[in-house]
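Chemist: Listed here are the chains, written in short residue letters.
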Amino acid sequence: MTLLDGFLNGSKDLPFWVLAIRAVILYISLIIATRLMQHRQVGILSGHNYLVAAGIVSLAAIRMVNPESSLTSGLVIVFAYAGVNVLLSYLDIKFPKLIDRKPVILMEGGRINKKNLLDAHVTLDNLMGQIRLKGAHNMSEIDSLVLEPTGKISVIKKPPFLPVNRQQVNLPPKFSGLPTVLVYDSEVQKDNINRLGLDLKWLNDKLQQEGFADPSQVFFALLEPSGNLFISA
Amino acid sequence: MEFVSSILGTTNELSPFGFAVRTILVGIMLWAEGKALPHRSGGQFAGYDFTFFWMMGGVTASPLFDSKLNFINTITIVVIIFLMHYLLSYLAVRNRIFAKVLIGQSIVVMSGGKVMRQNMARALLPLELLLSELRVSDAPNLNEVEVAVMETSGHISVLKKTDAQPATPTELNLPTPPGGLPILLINDGVVIGENLREIGHDKLWLTQELGKNGISRAEDVYVAQIDPAGTFYCSAKNQS
Numbered sequence: 058m059t060l061l062d063g064f065l066n067g068s069k070d071l072p073f074w075v076l077a078i079r080a081v082i083l084y085i086s087l088i089i090a091t092r093l094m095q096h097r098q099v100g101i102l103s104g105h106n107y108l109v110a111a112g113i114v115s116l117a118a119i120r121m122v123n124p125e126s127s128l129t130s131g132l133v134i135v136f137a138y139a140g141v142n143v144l145l146s147y148l149d150i151k152f153p154k155l156i157d158r159k160p161v162i163l164m165e166g167g168r169i170n171k172k173n174l175l176d177a178h179v180t181l182d183n184l185m186g187q188i189r190l191k192g193a194h195n196m197s198e199i200d201s202l203v204l205e206p207t208g209k210i211s212v213i214k215k216p217p218f219l220p221v222n223r224q225q226v227n228l229p230p231k232f233s234g235l236p237t238v239l240v241y242d243s244e245v246q247k248d249n250i251n252r253l254g255l256d257l258k259w260l261n262d263k264l265q266q267e268g269f270a271d272p273s274q275v276f277f278a279l280l281e282p283s284g285n286l287f288i289s290a
Numbered sequence: 002m003e004f005v006s007s008i009l010g011t012t013n014e015l016s017p018f019g020f021a022v023r024t025i026l027v028g029i030m031l032w033a034e035g036k037a038l039p040h041r042s043g044g045q046f047a048g049y050d051f052t053f054f055w056m057m058g059g060v061t062a063s064p065l066f067d068s069k070l071n072f073i074n075t076i077t078i079v080v081i082i083f084l085m086h087y088l089l090s091y092l093a094v095r096n097r098i099f100a101k102v103l104i105g106q107s108i109v110v111m112s113g114g115k116v117m118r119q120n121m122a123r124a125l126l127p128l129e130l131l132l133s134e135l136r137v138s139d140a141p142n143l144n145e146v147e148v149a150v151m152e153t154s155g156h157i158s159v160l161k162k163t164d165a166q167p168a169t170p171t172e173l174n175l176p177t178p179p180g181g182l183p184i185l186l187i188n189d190g191v192v193i194g195e196n197l198r199e200i201g202h203d204k205l206w207l208t209q210e211l212g213k214n215g216i217s218r219a220e221d222v223y224v225a226q227i228d229p230a231g232t233f234y235c236s237a238k239n240q241s
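Chains as they are written, first to last, in our numbering: chain A, 58 to 290; chain B, 2 to 241.
It is possible that part of the hints are untrue.
Covered stretches of chain A, going by a simulated chain B footprint (3 or more residues, C-beta under 8 Å) [what the hints assert, rightly or not]:
id, segment
1, 75-84
2, 141-149
3, 207-221
4, 228-235
Worth flagging that the hints you see were computed from the coordinates, not collected in a lab. Each residue gets a CB set at the ideal place from its N, CA and C atoms; glycine is no exception.
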């Protein structure tokens, strides 16, 4: 009973294996909490996402190593913390101006906005470095620079300095879109094939043309929107 | 009253419920900080931005580490770290010499297509890591690289040789439409009148444009945008 009590509420003389089990539970709770907070937490899309990442990791870590801390409180905190983050993200959809920071325009129409640059405390050397990372080495080629709420700088080049696109050389449009998975790890994806209005016979015929007697010999197969078939054994 | 002081102040024992209340207070701090923190810290342009942001997250969550840690100390430290970062960035943006000491300088590791061994050592950069960063930057072939720079943010920027760069419309003497930032006209059914006036159009024009796309009411539009070349874009709310 005292062991269970120590397990849940923490105690000074906790056997090391109980500490280990507590750590496993906290670790798993952290993974579940991360899933609850969705992809935008993993991608760190706004200011509070950063702070949550740094905070939740350190609080779980400290509670793991401290045998005197309560496991129950630890679990409550991890999920309440994730809940607060989800709430902030939800409010961000409802009231975007209230929750997150606004993007700051650092350059518009090829002119640097000195006031915004100084207010954002970005030095010219910082700016040069960040645009080099974006592959825009010459300032004269840039139309606009935006300091995004995450702190990343996006670069919008002037059209004459962008790569030539198909329209400019009068090439007709091509089909584009996402490829469909036909075979994944040697398993035929029947649903995907039916959705395309095709059947297994069509797939087998196609694979035979490429020299595969059976779909199980194929590791990965994709149908691209152009009609091209990608097969890898 | 005792409960309130155990939440905000130092206490030896705090119930899970007490910690849940503390978490909500920390949540409010997270919101305020997320809004007030300088943009550059998130972009991690330099080492001190990196330290600042991760430290800020840890300090903000500290009342949840242990019941003995209280909010008054936490807020004091948050304010001090914030002011330090503000002061350092303020000085850096106004004095280039100070900026060089605080932030360091970017180091050129490839110039004229040649890898500079001494600068690689200065940047503590092994060859394998340079090759890895080049691959990530879509320049796997050393032959194609003109300049590579180790930036203060710790990433490597790559300038390809002109032969390896995509052709631009100027080089092919092709005409180009005006470019720049597109303007948002409708956000989740709400017309942004300010932006509409900026481009010199009115609601009647917007309704006509939406009509061309088969939408009768602005409320049914999730997003509408116009680019500087005048091309209209819209996407309806009920798009599945």
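Chemist: Honestly, which of those hints from before does the structure not fit?
Modeler: 1 and 4
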